[in-house]
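Work the whole structure out from these sequences, hints included.
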Amino acid sequence: MKGFLLYLTILIFLFVLSQFIPSYEKSNPSADENLEIKAPKDVMAIFKRSCYDCHSYKTNWPWYADVAPMKWVVRRDVIQGRKALNFSEWQNYDEEKKRKLKRAIYRSINLAMPLPQYLWLNPEAKLSEENKRVIRNWVSDGRGYMKIEIR
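FYI, in numbering that gives the first Met the number 0 the residues of the sequence shown are 0 to 150.
Just so you know, not all the hints are guaranteed correct.
[Claimed, not checked] When the alpha-carbon atoms are kept at most 20 Å apart in a straight line, the in silico EDC-like pairs for lysine to aspartate or glutamate are as follows:
#1 Lys57 to Asp31
#2 Lys101 to Glu88
#3 Lys40 to Glu128
#4 Lys57 to Glu35
#5 Lys131 to Asp41
#6 Lys47 to Asp76
#7 Lys82 to Asp93
#8 Lys82 to Glu35
#9 Lys37 to Asp93
#10 Lys57 to Asp76
#11 Lys82 to Glu32
#12 Lys47 to Glu128
#13 Lys37 to Asp140
#14 Lys125 to Asp76
#15 Lys40 to Glu129
#16 Lys57 to Glu123
#17 Lys101 to Glu129
#18 Lys37 to Glu95
#19 Lys131 to Glu32
#20 Lys125 to Glu32
#21 Lys57 to Asp41
[Unchecked claim] Using C-beta positions, here's what the derived DEER-type ranges look like:
#22 Lys1 to Glu128: 26 to 36 Å
#23 Leu10 to Asp41: 40 to 50 Å
#24 Ala83 to Leu5: 41 to 51 Å
#25 Thr8 to Pro122: 32 to 42 Å
#26 Arg132 to Leu5: 50 to 60 Å
Read the hints as simulated data drawn from the structure, not as lab findings.
Since the structure is predicted, the reported quantities are computational estimates derived from the model, not experimental observations.
Even glycine gets a Cβ: it sits at the ideal position worked out from N, Cα and C.
As structure tokens, this is what we get:
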């Protein structure tokens, strides 16, 4: 029992100590609304509910983004998400980059996005089959299919 209490005390001490380790700044840079992605309302509603927290400057930072070790994971995911695709900067992308990002969106909604760890605490962000159909239709410009080039 003494060993367990010692182990628990050390764990609590390390947890408290970890709160003082600095991490990435939690920020939402100001965004020019004119640069934001323009898409039909149904597509935008899905993006805002399921994608914007990691892929825009309109991140809704949850309370656990201030608690180690989750703060490191959340902030890393947001930084990487914005770097890969930022809906707040969409109009800055050239047409080729937009096509590549649309292909990535098309693949991602079927395979990896939203991230499982995000869905654990944000189940409302889960994409239904109808949500996926709406996004696929938008990506394919209404043709219902998309030629994805593998390079």
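*Against the structure, test the hints numbered earlier, and report the numbers of the ones violated in rising order.*
Of the numbered hints given earlier, those the structure breaks are 19, 20, 22, listed in rising order.
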